[in-house]
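Asks: Keeping their order, the protein sequence lines are chains C and Z.
Going by the working numbering, 3 is the number at position 3 of the first sequence; the sequence numbering is gapless.
Going by the working numbering, 84 is the number at position 84 of the second sequence; the sequence numbering is gapless.
One should not assume that every hint holds.
No copy is singled out in the list; a pair is fine if it fits within one copy or between any two copies.
What the hints assert, rightly or not - In silico SDA-like links for lysine to any residue, alpha-carbon gap of 25 angstroms or less:
(1) K3 with R110
(2) K201 with Q173
(3) K2 with D161
(4) K109 with Q159
(5) K109 with D194
(6) K3 with R191
(7) K201 with R146
(8) K2 with A188
(9) K201 with A126
(10) K56 with S27
(11) K2 with R94
(12) K201 with I23
(13) K109 with A188
(14) K56 with G66
(15) K3 with Y165
(16) K2 with A171
(17) K2 with R183
(18) K3 with G76
(19) K201 with A130
(20) K109 with D161
(21) K3 with I143
(22) K3 with D161
(23) K142 with E153
(24) K201 with R151
(25) K3 with A188
(26) K109 with S193
Please keep in mind that the hints were generated in silico from the structure rather than gathered at the bench.
On a predicted model such as this, the values are computed, not experimentally measured, just so you know.
Protein chains: 2
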Amino acid sequence: MKKGLLIVISGPAGSGKGTVNSILLQSPEFSYSVSATTRAPRPGEVDGVNYHFITKEDFESRIQNGEMLEYTSYCGNYYGTPLREAIEVMESGRNLILEIEVEGAQNVKRLYPEAVLIMLLPPSFAVQEARLRGRGTETEEKICERLNRTREELPLVGQYDYVVYNRDGGAEQCADDIRAIVRAEQNATRRHSDAAVAYFKA
Amino acid sequence: MKKGLLIVISGPAGSGKGTVNSILLQSPEFSYSVSATTRAPRPGEVDGVNYHFITKEDFESRIQNGEMLEYTSYCGNYYGTPLREAIEVMESGRNLILEIEVEGAQNVKRLYPEAVLIMLLPPSFAVQEARLRGRGTETEEKICERLNRTREELPLVGQYDYVVYNRDGGAEQCADDIRAIVRAEQNATRRHSDAAVAYFKA
Numbered sequence: 001m002k003k004g005l006l007i008v009i010s011g012p013a014g015s016g017k018g019t020v021n022s023i024l025l026q027s028p029e030f031s032y033s034v035s036a037t038t039r040a041p042r043p044g045e046v047d048g049v050n051y052h053f054i055t056k057e058d059f060e061s062r063i064q065n066g067e068m069l070e071y072t073s074y075c076g077n078y079y080g081t082p083l084r085e086a087i088e089v090m091e092s093g094r095n096l097i098l099e100i101e102v103e104g105a106q107n108v109k110r111l112y113p114e115a116v117l118i119m120l121l122p123p124s125f126a127v128q129e130a131r132l133r134g135r136g137t138e139t140e141e142k143i144c145e146r147l148n149r150t151r152e153e154l155p156l157v158g159q160y161d162y163v164v165y166n167r168d169g170g171a172e173q174c175a176d177d178i179r180a181i182v183r184a185e186q187n188a189t190r191r192h193s194d195a196a197v198a199y200f201k202a
Numbered sequence: 001m002k003k004g005l006l007i008v009i010s011g012p013a014g015s016g017k018g019t020v021n022s023i024l025l026q027s028p029e030f031s032y033s034v035s036a037t038t039r040a041p042r043p044g045e046v047d048g049v050n051y052h053f054i055t056k057e058d059f060e061s062r063i064q065n066g067e068m069l070e071y072t073s074y075c076g077n078y079y080g081t082p083l084r085e086a087i088e089v090m091e092s093g094r095n096l097i098l099e100i101e102v103e104g105a106q107n108v109k110r111l112y113p114e115a116v117l118i119m120l121l122p123p124s125f126a127v128q129e130a131r132l133r134g135r136g137t138e139t140e141e142k143i144c145e146r147l148n149r150t151r152e153e154l155p156l157v158g159q160y161d162y163v164v165y166n167r168d169g170g171a172e173q174c175a176d177d178i179r180a181i182v183r184a185e186q187n188a189t190r191r192h193s194d195a196a197v198a199y200f201k202a
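My request is simple: use the sequences and hints to build the entire structure.
Replies: Shown next as structure tokens:
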């Protein structure tokens, strides 16, 4: 069976990455993996479904042992993607989507160089700003914080393999772009280093 | 306007590259360029349509000046792709398809590093051999010559960016693979080195 790819998707606030990912995850060739966390389960949350709920000691020892593909800490708790979980998804032939931030993406690439890094962007900073303000749901302070973060992170776009622009109403187009990237990457010669040998053996 | 890509397609006898290319060329986003040759026009051939018919001196001076993207000589005549012709196609926004052999492909990559090199292959050497024999149109000697050429050229597949397998009846699938490659390449970050600057300027 053909192994799935690890697809890392990052994008600033207003890039629409949540919508794009949910479109991709509707098709069986894409999957996400269940994250691990050290925070306590909330009522109704099921271990192994919503999260793998593990102890802080367990989480930290996994970090030490390189068993976390990426992780972050937020409000005193860790959140992350167990490497084993990720590999299981890919070995089932599905492409694993990780929606993570720029720093996490770099960590993933270090631990798993075959990962495909995709940056999803609004058409421009001006459009991004208009989208954030247009939502009308966030404080001015929060909006400024998100825009400043974009100013800091965007110069790192060159570390991504692909950049996909989400133009107005274009979440479906973005999903198609990402499907094309996956299809192309599956045919990339660097993923077929045994192509010549296999050709004569088959 | 978005510039078209230069798509080099190579493939051994029996890979079906003629069929795949003709499928691609049916859509307006792909184009070929008119080759130049030093051979005399045949009855009915029109200069600038079938070929650019030029003199041997002209052809050789274009080679010297790096004005031939690739060329070959056959039966004492030169055949090749004028660089200017190729650039005009791409600047019109269409992707230029060049169907050339392994050596020519390497020359193209040297002169035009942004070129995308795709190797089209039968599923295996055994299938290739069966296809060639199944045609029943070629002498045993010719078939052996083609198979030997494949044995020599296949180890160079690593110099291609992508390898696409033409499985039984799969010319349409191959064309779709190549369309996906083009779409992905258009989003490759290395083709958007000004992405971060452009994002804030737009």
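Asks: Compare the structure with each hint and give your call.
Replies: Status of the hints after comparison with the structure:
When the C-alpha separation of K3 and R110 is checked against a cutoff of 25 angstroms, the pair qualifies only within one copy, where the shortest distance is 20 angstroms, while the shortest distance between copies is 33 angstroms. Only between protomers do K201 and Q173 lie at most 25 angstroms apart by alpha-carbon distance; the minimum there is 24 angstroms, versus 40 angstroms within a single protomer. Taking CA atoms no more than 25 angstroms apart as the test, K2 paired with D161 passes in both settings, with 22 angstroms inside one copy and 19 angstroms between copies. In this assembly of identical chains, the alpha carbons of K109 and Q159 lie at most 25 angstroms apart whether taken from the same copy (9 angstroms) or from different copies (24 angstroms).
Taking the closest pair of Cα atoms, K109 and D194 come within 25 angstroms of each other both inside a single copy (22 angstroms) and across two copies (22 angstroms). In this homomeric assembly, K3 and R191 come within 25 angstroms of each other (Cα to Cα) only inside a single copy, at 11 angstroms, whereas the closest approach across copies is 28 angstroms. Only between protomers do K201 and R146 lie at most 25 angstroms apart by alpha-carbon distance; the minimum there is 18 angstroms, versus 54 angstroms within a single protomer. In this assembly of identical chains, the alpha carbons of K2 and A188 lie at most 25 angstroms apart whether taken from the same copy (14 angstroms) or from different copies (23 angstroms).
In the homo-oligomer, the alpha carbons of K201 and A126 lie at most 25 angstroms apart only across protomers (9 angstroms), although the nearest pairing inside one protomer, at 55 angstroms, exceeds that limit. Proximity of K56 and S27 under a CA criterion of 25 angstroms is satisfied in neither setting, with 34 angstroms inside one chain copy and 57 angstroms between copies. Taking the shortest alpha-carbon separations for K2 and R94, only the intra-copy value of 9 angstroms comes in at or below 25 angstroms, while the best inter-copy value is 33 angstroms. In this homomeric assembly, K201 and I23 never come within 25 angstroms of each other (Cα to Cα): the closest approach is 39 angstroms inside a single copy and 30 angstroms across copies.
Taking identical chains as interchangeable, the C-alpha atoms of K109 and A188 lie at most 25 angstroms apart whether they share a chain (17 angstroms) or sit on different chains (16 angstroms). Taking the shortest Cα distances, K56 and G66 sit within 25 angstroms of each other inside one copy (15 angstroms), while across copies they are farther apart (63 angstroms). With identical chains, the CA atoms of K3 and Y165 are at most 25 angstroms apart between copies only, with a shortest distance of 17 angstroms across copies and 27 angstroms within one. Taking the shortest Cα distances, K2 and A171 sit within 25 angstroms of each other only across copies (21 angstroms), while inside one copy they are farther apart (27 angstroms).
With identical chains, the CA atoms of K2 and R183 are at most 25 angstroms apart both within one copy (12 angstroms) and between copies (22 angstroms). Proximity of K3 to G76 under the C-alpha cut-off of 25 angstroms is found in neither arrangement, the shortest distances being 36 angstroms within a copy and 49 angstroms between copies. For the homomeric pair K201 and A130, the shortest alpha-carbon distance between copies (15 angstroms) is at most 25 angstroms, but the shortest distance inside one copy (57 angstroms) is not. In the homo-oligomer, the alpha carbons of K109 and D161 lie at most 25 angstroms apart both inside one protomer (11 angstroms) and across protomers (20 angstroms), since each shortest distance falls under that limit.
Taking the closest pair of Cα atoms, K3 and I143 never come within 25 angstroms of each other, the shortest separation being 40 angstroms inside a single copy and 35 angstroms across copies. Taking the shortest alpha-carbon separations for K3 and D161, both the intra-copy value of 20 angstroms and the inter-copy value of 19 angstroms come in at or below 25 angstroms. For the identical chains of this complex, K142 and E153 are intra-copy neighbours only, at 17 angstroms inside a copy versus 58 angstroms across copies, given an alpha-carbon limit of 25 angstroms. When the C-alpha separation of K201 and R151 is checked against a cutoff of 25 angstroms, the pair qualifies only between copies, where the shortest distance is 12 angstroms, while the shortest distance within a copy is 52 angstroms.
Both within a single protomer and between protomers do K3 and A188 lie at most 25 angstroms apart by alpha-carbon distance, with minima of 14 angstroms and 22 angstroms respectively. Taking the shortest Cα distances, K109 and S193 sit within 25 angstroms of each other both inside one copy (19 angstroms) and across copies (20 angstroms).
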